[in-house]
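Number of protein chains: 2
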Amino acid sequence: MINNSELKYIQSFAHKKHWAEESTFIVEGPKMVQELINSNWTIKKIYATADWIQAQGVLPVQVVEIDQIMLGRMSQMQNPHQVIALAEKESFLKPVPYHETFSLLLDGIQDPGNLGTIIRTADWFGIKQILVAEDTAGFYNPKVIQSTMGGCFRVKVASVNLEEVLSANKLNVYGALLDGASMYETKMESKGFLMIGNESKGIGSQLAKYITHPISIPKYGNAESLNAAVATGILLAHWKI
Amino acid sequence: MINNSELKYIQSFAHKKHWAEESTFIVEGPKMVQELINSNWTIKKIYATADWIQAQGVLPVQVVEIDQIMLGRMSQMQNPHQVIALAEKESFLKPVPYHETFSLLLDGIQDPGNLGTIIRTADWFGIKQILVAEDTAGFYNPKVIQSTMGGCFRVKVASVNLEEVLSANKLNVYGALLDGASMYETKMESKGFLMIGNESKGIGSQLAKYITHPISIPKYGNAESLNAAVATGILLAHWKI
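First to last, the protein sequences are chains A and B. Residue numbering for the first sequence follows the working numbering, beginning at 1 and increasing consecutively. Residue numbering for the second sequence follows the working numbering, beginning at 1001 and increasing consecutively.
Derived by calculation from the structure, the hints in this document are not laboratory data. Just so it is clear, CB atoms sit at the ideal spot from N, CA and C, and this is done for glycine as well. Mixed in with the good hints there might be a few duds.
What the hints assert, rightly or not - Pulled a few chain A residues facing chain B out of the computed Cβ check, cut under 8 Å: (1) T121; (2) R154; (3) A237.
Could you build all of it, start to finish, from the sequences and the hints given here?
Structural data, given as structure tokens:
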């Protein structure tokens, strides 16, 4: 059984003030919670229906049984499924050294679903870390976490001062710009940075000046722009050629 | 001024029963309404704030001035902007002959935002038509229309019996399958079909048997799958190489 204050605490993760300031975050649904269990992130508590608990077996973490009605009251999803977990936030203490990897840099991605889908896409292509500007949709927003489909437990996402990182690390900086060189004519090296800008404004001038290789995805039709997650996927697929 | 029954009529487009059965559909915001005005789709009526009307000049369509409060009441968006238009639905009478073009086939895309983003991406790459199975998220769902970013007025989207089309037109059918041949080793011809499956279930077996070229996007990390719109973008970018 859970009491009213515990229910209210979980429900509060719908609000930014709460999810941004708490030391824990919410993970929902059997698929995402399985990813969490398989990861080395710390689980604080699990709330689950009897069928999930039975199928799961013994876990080294407190599991509270709830019924479907309570699940519906706790959940932020339209169709809540079986389980909600509370996990501990992690800070990003040890980045992979920038010159040893290919990091994704996000400038001002505003939409939580887009950020989550970018993390999921980065996870597909084996990207180890994503650097986000302070104004990017908060990583621990439940909408971001859910749309990563587990990528949030594998790809390190750090909120940093992008200008400081770029000025201190002189590496290839591929930047997605509408007037960049066609990606089909650009060979992308295996190490460096790929910078993706805001859905409508693109990359800000403060950061654009660090781009060493402006690249674009050639347009054959009439759309004004591509979705940021779609553009990221296309450029990462090209990077892997 | 608009009366209460008109307000209720517009508000009803939030419900599937209404948007699916009406002969009109809703388009919101200055960018999308501009795309509608630039298209050859028929506009029935426009509701807009004074600043939008002033900036727009004379239009050959009825424009009703509303204030910000009424806009907020009529709109389905979190941050409504200036204008809502009612447009006439179009039926898909004259498809481009299948052997003359490259058509996208969608099997069971459930998420309206995904369907909209796929249409937007197709528009970027110059795709002329998309064929969707009957179970695909309804094209005239306001969430679909808005996330196409105008692509809905340029790319023809038809709900058809995909099996009938595939069995009657013996063309190359590229199908996105997790165990398909690497797209990097597959040359995609300029004419034919590209089939994209459901977000979690992929392409159903009924349709998969028509695939002549199973292709996959190689995975380098640990994500279980890619978002359907991201996968579409990657495959269309590859098709254009």
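Hint check results:
{"no.": "1", "hint": "T121", "result": "holds, 5 Å"}
{"no.": "2", "hint": "R154", "result": "holds, 5 Å"}
{"no.": "3", "hint": "A237", "result": "holds, 4 Å"}
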